[in-house]
Amino acid sequence: LITRGERQSPFSRTATCRAHGGFGKVALRRVPTICRSDRNFSEFSVSEGQQLEVIEQDATGEFFRIRATGAPRYRGEGAASVAEGWIRHCYLEWPSAPPAA
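Note that the working numbering numbers the sequence shown so that position 94 is 528, with each residue one more than the last.
Rather than coming from a laboratory, the hints here were simulated on the basis of the structure. Any given hint could turn out to be false.
[What the hints assert, rightly or not] Cut-off 25 Å, straight-line C-alpha distance, at most; resulting in silico cross-link-like pairs (DMTMM-like, lysine to aspartate or glutamate):
no.: 1; residue 1: Lys459; residue 2: Glu487
no.: 2; residue 1: Lys459; residue 2: Glu490
no.: 3; residue 1: Lys459; residue 2: Glu511
no.: 4; residue 1: Lys459; residue 2: Glu477
[Stated by the list, open to error] Across the chosen pairs, the derived CB separations fall in these ranges:
no.: 5; residue 1: Val465; residue 2: Arg509; range: 26 to 32 Å
no.: 6; residue 1: Arg473; residue 2: Ser443; range: 28 to 34 Å
no.: 7; residue 1: Arg447; residue 2: Gly510; range: 17 to 23 Å
no.: 8; residue 1: Arg509; residue 2: Ser530; range: 15 to 21 Å
None of the values given here were measured: they were computed from a predicted structure. Note that beta-carbon positions come from the ideal geometry of N, C-alpha and C, so glycine has one too.
Based on the provided sequences and hints, a complete structural model is requested.
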């Protein structure tokens with residue numbers, strides 16, 4: 435999110451994926467949009483319980499751009515060593531206390 439000419443940091447730099455049912459995975463989006471067209475999703479996903487690095491939040495507050503290590507393909511076999519993409523806030527669980535400095 436950019437306000438006053440500079441990007442603000444997310445309130446937490448880490449979160450945990452919470453995939454609510456299904457295959458236990460959440461597909462990463464290429465762009466922060468509600469549209470469910472196939473072209474908006476990347477081939478990679480994050481898994482239930484996976485720790486994520488939070489990079490930024492979109493202007494609506496609905497989506498966060500994250501980085502995940504060992505990100506599995508949403509369909510098929512294999513994984514990427516690192517993948518980035520957008521995920522809806524409802525699939526994120528935030529730490530209960532801020533990390534120690």
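Going through the hints against the structure:
no., hint, in the structure
1, Lys459 - Glu487, "17 Å, holds"
2, Lys459 - Glu490, "21 Å, holds"
3, Lys459 - Glu511, "13 Å, holds"
4, Lys459 - Glu477, "12 Å, holds"
5, Val465 - Arg509: 26 to 32 Å, "20 Å, violated"
6, Arg473 - Ser443: 28 to 34 Å, "30 Å, holds"
7, Arg447 - Gly510: 17 to 23 Å, "30 Å, violated"
8, Arg509 - Ser530: 15 to 21 Å, "34 Å, violated"
The earlier numbered hints that this structure contradicts are 5, 7 and 8.
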